[in-house]
Amino acid sequence: MNIKKICVLGGTGFVGRHLVTRLANHGYGVCVPTRHPQRHREIEVLPGAELVSGNIHDLQSLQEQLAGCDAVVNLVGVLHEYSNQGFRTVHVELPGKIVDACRASGIKRLLHMSALHADAAKGPSQYLFTKGEGEQIVMQAKDLTVTVFKPSIIFGPDDNFYNQFAGLLRMNPVLPLA
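So in my numbering, the last one in the sequence shown is 963, and the numbering has no gaps at all.
Everything labelled a hint here was simulated from the structure, so no lab data went into it.
Wrong hints could be hidden among the right ones.
When the alpha-carbon atoms are kept at most 25 Å apart in a straight line, the in silico DSS-like pairs for lysine-lysine are as follows [as the list claims (entries may be wrong)]: (1) K927 with K789; (2) K893 with K789; (3) K790 with K893; (4) K790 with K882; (5) K790 with K907; (6) K935 with K907.
Build out the structure end to end from the sequences listed, making use of the hints.
This is the structure we're talking about:
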C-alpha cells in the first residue's frame with residue numbers, strides 16, 4: 786500500500802495540528818477538513834497541506850473531502866457534550882460514516898484514535914462507553930486495514946489542561962489538591 790496523501794479528521798485540534806505538521810514535513814500530502822478554514826491559515830503554509838471546507842458529519846461532504854486520499858486518520862473527539870456535538874454523534878455515528886466514506890472513496894487504510902479504557906460493554910463513563918462503540922464500528926470494517934490507538938491523557942505545547950494548570954500555579958504557588 787503506497788500512501789501519498791492522508792486526510793486528517795480533527796486536524797485542527799490539539800493532536801491534529803501536531804500530526805499534520807509532522808506529516809507535511811515528512812513529505813506527505815495532507816488534507817485537513819474544517820468548517821472554518823479562515824481560523825486555521827497556519828496549516829496552509831505547510832508544504833503539501835491543504836484545508837478543505839465542509840461538514841464531516843454529512844456523508845456526501847465527507848466523501849468529497851476524502852477524494853484523492855490514500856489513508857484517513859480520525860482524531861475527532863469531544864470531552865464534553867454540546868448541543869450538536871454529543872458523544873454519540875462524534876464517537877459512534879461519525880466513525881460509521883468515516884468507514885462508509887472510505888469504502889465509497891476506495892480508501893483502504895484507516896487509523897482511529899479512541900481512548901484508554903474505552904469499552905462499549907462496561908465503559909465507566911458515557912465518554913468511554915461511546916469511544917468503545919466507535920472502536921467496535923471501525924474494527925468491524927474487515928475490508929479496511931484499521932489501526933485503533935488508545936492514548937491516555939495527551940499533553941504538550943498548546944494543550945488546554947496542563948498549560949492552564951501551570952498558569953494557575955504561577956499565579957498561586959500553593960494549590961489545594963483535595
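Hint by hint, here is what the structure shows:
1. K927 with K789: Roughly 22 Å separates the two Cα atoms, so the pair holds.
2. K893 with K789: Within the cut-off at roughly 13 Å; holds.
3. K790 with K893: The hint holds at about 13 Å.
4. K790 with K882: holds (20 Å)
5. K790 with K907: Violated. K790 to K907 sits at ~37 Å, over the 25 Å cutoff.
6. K935 with K907: holds (16 Å)
Hint 5 from the earlier list is the only one contradicted by this structure; the remaining hints agree with it.
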